[in-house]
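*Asks:* Single-letter residue listing:
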Amino acid sequence: MHTGSGISIWFFIGALLTIYGALILGYGVYSLAAPPERPPVLHELHAGIWWGAVLLVVGLGYSYAHLPGKRS
Amino acid sequence: MTHLIALSPLDLAIIAIYFAFVLYIGYYLKGRATTGDDFFLAGREMTAWIAGLSFLSANLGSLELMGWAAAAYQYGILAVHWYWIGAIPAMLFLGIVMMPFYYISKTHSVPGYLQLRFGEPSRALSAVTFAFMTVLMSGINMYSMALVMKVVLGWDINFSIWVSSITVAIYVALGGLRSAIFNEVLQFFLIWFGAMLVPILGLIEAGGFAGLRERIIANLGSDAYTHAWSTLGSFNGNPMGIHWTGIVFGLGFVISFGYWTTDFLVVQRVLAAKDLRSAKLAPIIGAAFKMMVPFIVILPGLLGLAVLPFHLTGEAEAIATGGHSYNEVLPLMLARYCGPGLMGLGITALIAGFMSGMAGNVSAFATVWTYDIYRALMRKDASDAHYVAMGRWCTILGVLVSIGTAYLVMQFQSIMDYVQALFSFFIAPLFGTVILGMLWKRATPAGGFWGLLSGTLGSIAMWAWVKADPSAIGYIAFSEHAKDMAENMYRGLWSWIICVGVTVGVSYCTRPQPEAALTGLVYGCTHIPGEEQTPLHHRPAFWAVAVSVVFVILNLIFW
Numbered sequence: 001m002h003t004g005s006g007i008s009i010w011f012f013i014g015a016l017l018t019i020y021g022a023l024i025l026g027y028g029v030y031s032l033a034a035p036p037e038r039p040p041v042l043h044e045l046h047a048g049i050w051w052g053a054v055l056l057v058v059g060l061g062y063s064y065a066h067l068p069g070k071r072s
Numbered sequence: 073m074t075h076l077i078a079l080s081p082l083d084l085a086i087i088a089i090y091f092a093f094v095l096y097i098g099y100y101l102k103g104r105a106t107t108g109d110d111f112f113l114a115g116r117e118m119t120a121w122i123a124g125l126s127f128l129s130a131n132l133g134s135l136e137l138m139g140w141a142a143a144a145y146q147y148g149i150l151a152v153h154w155y156w157i158g159a160i161p162a163m164l165f166l167g168i169v170m171m172p173f174y175y176i177s178k179t180h181s182v183p184g185y186l187q188l189r190f191g192e193p194s195r196a197l198s199a200v201t202f203a204f205m206t207v208l209m210s211g212i213n214m215y216s217m218a219l220v221m222k223v224v225l226g227w228d229i230n231f232s233i234w235v236s237s238i239t240v241a242i243y244v245a246l247g248g249l250r251s252a253i254f255n256e257v258l259q260f261f262l263i264w265f266g267a268m269l270v271p272i273l274g275l276i277e278a279g280g281f282a283g284l285r286e287r288i289i290a291n292l293g294s295d296a297y298t299h300a301w302s303t304l305g306s307f308n309g310n311p312m313g314i315h316w317t318g319i320v321f322g323l324g325f326v327i328s329f330g331y332w333t334t335d336f337l338v339v340q341r342v343l344a345a346k347d348l349r350s351a352k353l354a355p356i357i358g359a360a361f362k363m364m365v366p367f368i369v370i371l372p373g374l375l376g377l378a379v380l381p382f383h384l385t386g387e388a389e390a391i392a393t394g395g396h397s398y399n400e401v402l403p404l405m406l407a408r409y410c411g412p413g414l415m416g417l418g419i420t421a422l423i424a425g426f427m428s429g430m431a432g433n434v435s436a437f438a439t440v441w442t443y444d445i446y447r448a449l450m451r452k453d454a455s456d457a458h459y460v461a462m463g464r465w466c467t468i469l470g471v472l473v474s475i476g477t478a479y480l481v482m483q484f485q486s487i488m489d490y491v492q493a494l495f496s497f498f499i500a501p502l503f504g505t506v507i508l509g510m511l512w513k514r515a516t517p518a519g520g521f522w523g524l525l526s527g528t529l530g531s532i533a534m535w536a537w538v539k540a541d542p543s544a545i546g547y548i549a550f551s552e553h554a555k556d557m558a559e560n561m562y563r564g565l566w567s568w569i570i571c572v573g574v575t576v577g578v579s580y581c582t583r584p585q586p587e588a589a590l591t592g593l594v595y596g597c598t599h600i601p602g603e604e605q606t607p608l609h610h611r612p613a614f615w616a617v618a619v620s621v622v623f624v625i626l627n628l629i630f631w
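Protein chains in written order, with my numbering: chain A, 1 to 72; chain B, 73 to 631.
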């Protein structure tokens with residue numbers, strides 16, 4: 001679904017998830033080196049790393065599939 | 073005052089980026105909201121997926137998320153009925169049976185359909201009550217969200233109310249329904265990605281669903297909290313004090329069908345679909361995801377029962393003892409599992425939920441006010457541009473009235489109970505009027521109007537009767553021990569019966585309408601395009617059956 005000739009809503013979603021994924025994954029990796037003072041329960045599973053990666057992959061996928069100008 | 077969660081700069085950045093995105097989408101779509109159809113119906117060009125996801129998103133307000141997580145903590149898995157039997161049959165019925173009439177009639181709103189079918193008086197009655205109730209409900213949701221933000225994050229109530237509602241006002245006023253819908257789809261993704269980690273990590277901690285069940289039994293000494301149906305044989309056998317007949321007929325039939333098929337807040341999203349097939353498919357897509365929402369709402373509540381090291385209580389007790397209330401269970405679970413970044417995402421999910429619900433309210437209010445009240449009763453022949461300008465202004469006005477309501481509720485909290493009761497007055501009778509209008513040719517304009525009015529007045533009278541004499545609940549809900557929820561359901565059922573009875577009676581006493589006047593509005597007078605040429609996997613009915621099968625399996629699994 002495109003907004004007429006412009007940007008698809010799916011692209012907006014992809015872009016936002018990409019940004020979030022990068023930030024959360026980045027912090028997850030950083031927290032390996034510098035663990036938080038009060039770690040949450042199950043911190044040892046490093047949810048930030050894999051959830052951030054999931055967001056990043058989904059976000060990049062959507063962004064690429066619905067790049068502005070590309071026919072979907 | 074101490075608060076539950078301290079946000080890191082990363083969390084704040086995630087929330088700020090979200091605000092920037094929704095505002096940009098509104099600004100970006102501004103140029104595409106120039107005609108009435110663009111502004112109020114999003115140009116009728118939405119795909120089934122976009123209409124379906126926004127249909128669900130408009131319903132997934134933050135109260136919906138936090139309130140039902142709280143209900144799951146309080147009543148156990150019974151809360152799941154509000155997502156399954158209390159939603160799925162009605163959503164499928166809307167898609168398969170009712171949507172063709174809404175869509176083919178080319179109406180822009182539910183009161184608009186009543187005008188086509190039953191004339192101006194029915195429209196005026198439903199439009200005025202809907203507009204009034206929508207802004208009031210919106211204000212109550214706003215206050216409730218701001219209160220949670222204060223408790224959880226320590227944010228100032230005024231700050232939460234003004235920042236979030238002004239943002240919604242800006243993006244809806246700029247881009248109209250298209251902007252509301254696009255943002256709702258974005259918010260849908262954020263709600264899922266922000267909230268899904270809690271049940272995933274919670275199930276890991278509890279040792280899967282079996283472990284969760286064992287922990288709850290160990291903590292509460294009862295397995296009634298993890299069974300959806302097997303405890304409903306008597307009023308006393310389950311934490312909600314409810315009988316299965318109340319769930320099936322009161323919730324599953326009247327309340328649920330009333331809400332999902334006639335509340336314009338949700339129906340408006342589907343009216344924006346690009347063709348009839350998409351309009352039929354959209355509620356079915358919505359139903360498929362609605363069925364999964366308990367994973368991010370009910371499960372965290374149950375996990376709270378299983379893993380939290382302290383017990384949550386009602387709001388009053390929590391304030392008195394300095395403990396936490398049921399309403400905080402979802403933020404508490406977020407705080408339990410989410411570190412910096414993920415916490416920001418979780419809070420963004422809650423804010424997104426609030427904003428999608430509010431955008432739903434104000435865009436529906438703007439349409440009903442402009443088309444069904446202003447154009448119908450005040451200024452019939454202005455230009456299209458004039459009505460679009462009116463739509464923009466009353467989006468802002470709707471938000472301001474909601475803010476006013478939020479402050480009113482802050483002063484007089486009992487208003488909240490009254491308004492929620494008020495909302496229930498209109499929904500059940502409206503369903504009676506609309507369903508008879510669509511399926512029964514003999515229903516006349518007088519029958520429709522008097523049925524709707526008497527059903528609504530009957531509901532108000534029953535409510536007032538119980539307020540004046542609490543023992544009257546024994547007559548209305550068949551049990552003097554019935555709780556508020558049971559009272560609402562039975563009152564809904566009675567008011568629906570009154571509405572249908574009066575509509576049928578008055579219709580038989582008045583002259584029937586000629587069939588030509590009913591074309592495109594009523595079953596038997598409307599040509600609904602067949603789907604013989606459509607491949608099976610593109611047919612709405614096929615997917616409705618698939619959703620029904622999953623619905624039955626889920627109920628059996630959690631029986």
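Hint data in this document are derived by calculation from the structure and do not stem from the laboratory. Where hints are given, some of them may not hold.
Claimed, not checked - Listed next, the stretches of chain A that the computed footprint assigns to chain B, with coverage defined by at least 3 CB atoms under 8 Å from CB atoms of chain B:
1) 16-22
2) 28-37
3) 45-53
Stated by the list, open to error - 30 Å max Cα-Cα, derived DSBU-like pairs, lysine-lysine:
4) K555/B - K70/A
5) K222/B - K70/A
6) K555/B - K178/B
7) K539/B - K178/B
8) K555/B - K346/B
9) K555/B - K539/B
Note that beta-carbon positions come from the ideal geometry of N, C-alpha and C, so glycine has one too.
*Asks:* Hint compliance check: list the failing hint numbers for this structure, sorted ascending.
*Replies:* Hints 4, 5, 6, 7 and 8 are the ones this structure does not satisfy, whereas the remaining hints hold.
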